[in-house]
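All chains should be modelled from the sequences, with the hints used to inform the complete structure.
These protein sequence lines are chains A and B, in that order. The opening residue of the first sequence carries number 1 in full-length UniProt numbering; numbering runs sequentially from there. The opening residue of the second sequence carries number 1 in full-length UniProt numbering; numbering runs sequentially from there.
Incorrect hints may appear among the rest.
Same chains, same names: a pair is fine if it fits in one copy or spans any two.
[Said to hold, decoys possible] Quick list of in silico lysine-lysine cross-link-like pairs, BS3-like style, CA-CA up to 27 Å:
{"#": "1", "residue 1": "344", "residue 2": "293"}
{"#": "2", "residue 1": "305", "residue 2": "259"}
{"#": "3", "residue 1": "256", "residue 2": "344"}
{"#": "4", "residue 1": "305", "residue 2": "256"}
{"#": "5", "residue 1": "344", "residue 2": "305"}
{"#": "6", "residue 1": "259", "residue 2": "344"}
Hints in this document: simulated from the structure, not taken from any laboratory. If you're wondering where the values come from, they're calculated on a predicted model, not measured in any experiment.
Number of protein chains: 2
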Amino acid sequence: MPERDLHYLAELAAQLRVDSVRAAAEAGSGHPTSSMSAADLMAVLFACHLRYDFDDPDNPANDQLIFSKGHASPLLYSLYKAAGAIDDAELLSFRQRGSRLEGHPTPRLPWVDVATGSLGQGLPVGVGVAMAGRLERLPYRVWVLCGDSELAEGSIWEAAEHAGCEGLANLIAIVDVNRLGQRGPTRHGWDTGAYARRFGAFGWHTIEIDGHDPGQIDYALQDACNTRRRPTVILAKTRKGEGVLEVENREGAHGKALKDPDKAIDELGGQRRVRVEVHKPDQGAVPFRFAEKPMSLPSYELGEKVATRTAFGAALAALGTACGDVVALDGEVADSTKAAAFEKEFPERFFEMYIAEQQLVAAAVGLQARGWRPYAATFAAFLTRAHDFIRMAGVSRASIRLVGSHAGVAIGEDGPSQMGLEDLAMLRTTYGSTVLYPCDANQAVALTAAMADLEGVSYLRTTRGDTPVIYAPGERFPVGGSRVLRQSPGDRATIVAAGVTVHEALAAADELAASDIPVGVIDLYSIKPVDTAALIEAATTTGNLITVEDHRLEGGLGDAVSDAVGELGPRVVKLAVTGLPGSATPEEQLADAGIDRRAIANAVKRLL
Amino acid sequence: MPERDLHYLAELAAQLRVDSVRAAAEAGSGHPTSSMSAADLMAVLFACHLRYDFDDPDNPANDQLIFSKGHASPLLYSLYKAAGAIDDAELLSFRQRGSRLEGHPTPRLPWVDVATGSLGQGLPVGVGVAMAGRLERLPYRVWVLCGDSELAEGSIWEAAEHAGCEGLANLIAIVDVNRLGQRGPTRHGWDTGAYARRFGAFGWHTIEIDGHDPGQIDYALQDACNTRRRPTVILAKTRKGEGVLEVENREGAHGKALKDPDKAIDELGGQRRVRVEVHKPDQGAVPFRFAEKPMSLPSYELGEKVATRTAFGAALAALGTACGDVVALDGEVADSTKAAAFEKEFPERFFEMYIAEQQLVAAAVGLQARGWRPYAATFAAFLTRAHDFIRMAGVSRASIRLVGSHAGVAIGEDGPSQMGLEDLAMLRTTYGSTVLYPCDANQAVALTAAMADLEGVSYLRTTRGDTPVIYAPGERFPVGGSRVLRQSPGDRATIVAAGVTVHEALAAADELAASDIPVGVIDLYSIKPVDTAALIEAATTTGNLITVEDHRLEGGLGDAVSDAVGELGPRVVKLAVTGLPGSATPEEQLADAGIDRRAIANAVKRLL
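So this is what it looks like as structure tokens:
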């Protein structure tokens, strides 16, 4: 590399360090030292290898850059400034109320597709973006800047396994091995060989370099670009706080503004006005065109007994036909979730993620960032494995569709480890989420189809066993709605149920009616948003609500109902799973949990 | 190995297969084929290497056996029968209501310490048990039977990293590489070398064998026992359904009873009456004695401003002095959670688990299985990473103490990725859990100490910023209690708060009192179990409850209150975080989320 270029890159890197120090100093917090270690790496990437049009973030040929070490946001924002995307005044708004430059990057910025800050997530999401690149046959690259501390997260190795086995050569991880975590040395310190052995074992091309040597960095980035059939990881030995003696390679300097920023800026050679011209991608790349055909959804006859998971699978396959942008992801249980019906029709848009639920959800987030409409399905219980990824998908405003099968004690003999009993609570707390829980096959079809157009994280909860079809084919079930299944002027209470408990509620209502106790029944298939109007009407009319759900008492349907009618103050009695189930038949389980027809009828009688 | 021994081992393995087939046939479900592949491995382990006293499961020198592939429970129960621990009638109660022999093993059985069935958890928990063995200086070994499919879980590699780096030579993983997952071939099929490269890179001793050859198995198990300073993984190539042509090495035979069990039993040579004499551990091992000293808890002066996380750290260190069985685990944030105060005093009982929250919780589960009292601390937000492990800890009836710092929007500038806003909901749904949320330092101390004696999963939520001390040193805060902080006969509403919002509620109450609107204030520091009596009294007296929490609207304090008073039907207005925060100061965050003093006062006025 010519001396002139080396000088320019050193100047650019120095400016990135200075600006990282300045931004954190102005904010009084942030991570300047974690930014300074990676400044040379990113300077060379931006100046020599990145292909990105900052004026057109939606250009389909743009490279994708993910800061998996999201706390190095001062560096990212300093890069934006050097590239002319933001000005100095905005840089100095870092971490202030209303600023787009948050403590950790979020998609409030047009150049950020996914939020990071929970470590170990950027690389798995990058795997999803790289999967999209292969699907779209577009030549963009996915660059992921990782910290060394975050390599302890298992999700990193789920990503390493998937990318390695799939040979995602368009994925390049750059690890800033600065040897210091938040509270002290990392496990492997500067032993980049330890990381190389691990990534190598997972099938990656590995390159170990000095992360402050522009020549070595340039060579490594080029080598990564030239590598075929394998993802590349560049393991760059760096010094945290590089360039400022007060903090360089010192413990106790994590996540703090520098004590004497003016002195540090002097030490770094003062402010500069270096611009970096990021290469735009080659012209002529056309966005991938998704095929669109008329929708023809499956339907089921009234009275037929069909599992909602089966209807989901059939609906997903039908959606696949109509919408070329629908993709499905599986956690090695597609025969159980019935996502296998989609695989059969569209193997090229079906992704087997194996038993790696974090990568399952992360891949969905990555795919949606490129405009695909992912449905990711596994057992409801095992979605808890990906809770942090779901949480962060909410922060990313990602539009992903999650499907959890085998909900509740109704699965029967398999026992508590396989029962999704916490999923409604988990998905309800997710920012901007939608939570749907069908009770029959036609409703499951309608809700599966409705999810295709939902924004944010949406969730469909399905049931293992067969349930009778109670809705005619083609009926509409708007998100946020509910269905009144039993109602009479003399109703003394209203039972609110969803999924399997709808059928128990109907049986209980019939039994109570025979004992001259008329009660209403509402099918609350949309748990979030919830049909407040219908619930308030029921509460006003009967004054007594009995909620019944195949889920824990906390955070599920019952709480959604209480919340909707709370300011009105009706009596609300909740039936839910409170004990620890063992093995038993589905019927025994519902009875033991106190959520079957008999328990409901008894609860009504006790209440009245 | 002499011919006679080989014959015996073959007979024992055949019986294990026959009994697995019989148990599943009787139940009409279960995983006989996944049991049959590992029968030879377990036959040799039980006959030749395991040291276990079935009559005395609490013998401290017993080896520990964990079926990480919990679905192979028919094999485990067949082993119990062969060892004389259960009889044939009980074996055939498999998966029936009331039986201890659940679909997946749980501690309802005296020989099972931790529940499995959610894949990828047994090995990380085994790491915790092995850590305990080192701490106790006892010579027991931890044997973990893994499936090959579950090696896709990132948690396996968190475990591999911790055990490899710590050199846990008392940990031996046996992987049943039967090449078939639930829905088809695994990623690596019979390529045991692929797994060996991975484990080897993480520092493990690896042995690849034919998993149906007793001689090879015996050699490998002995080799593992003789290995020093490294954990061992035995990668055993096996055939799923081995021994029965109908299912052997065939796809589509996962998780089902065999179609023709009688024919299968014939093919396996019929029923046998083979007993296995499991060697008891050497006598003379004495249980580790935990030191006990008088308790001297820290205390804070009224009016002092101290973060509850700081008080937690000081209390934990004090507990460490008094109770020799208290251990602390950290997710590489001990300087933030303040668990570092414990590390300083008791480095030998402090475990740095690095940024691997699944392994963090799993290690706690493993340690408590050996009688230790673990406190595992990280940011509240990042406990979501371990949700499935927390869920399964509930199923295991494990007594672990989790501490989540940096709760809520009150952390300020770091932004949403670092804010614990879903933790109360997550922990409330956990079976048998306790959820505590102190508002001042003395209360934090008391609750930290109270957790030491709690059974099940308990959770302490701490706050980043300083809050004023409002309770005198030494005051008592029973779990399940609450504190009435403002109350007058004319109260027109009661504000229910916890943690940071207590201080906002007090300020709001003072402001309202100045406007002649007297309101009560309850500090609901025990969110689960909740003080139903106090809430009902408040609801009865004022008829209006305003809940305010630094947590999402769903599943937290507000829902706990609604649930407690639901059958009474007061008006409940909930203030909670509903939007997506960005960066801002703590005060701005509370205001923006509508949970500060002004928002509370306005809500009261609006309600009245």
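- Okay, which hints does this one fail, numbers in order? none
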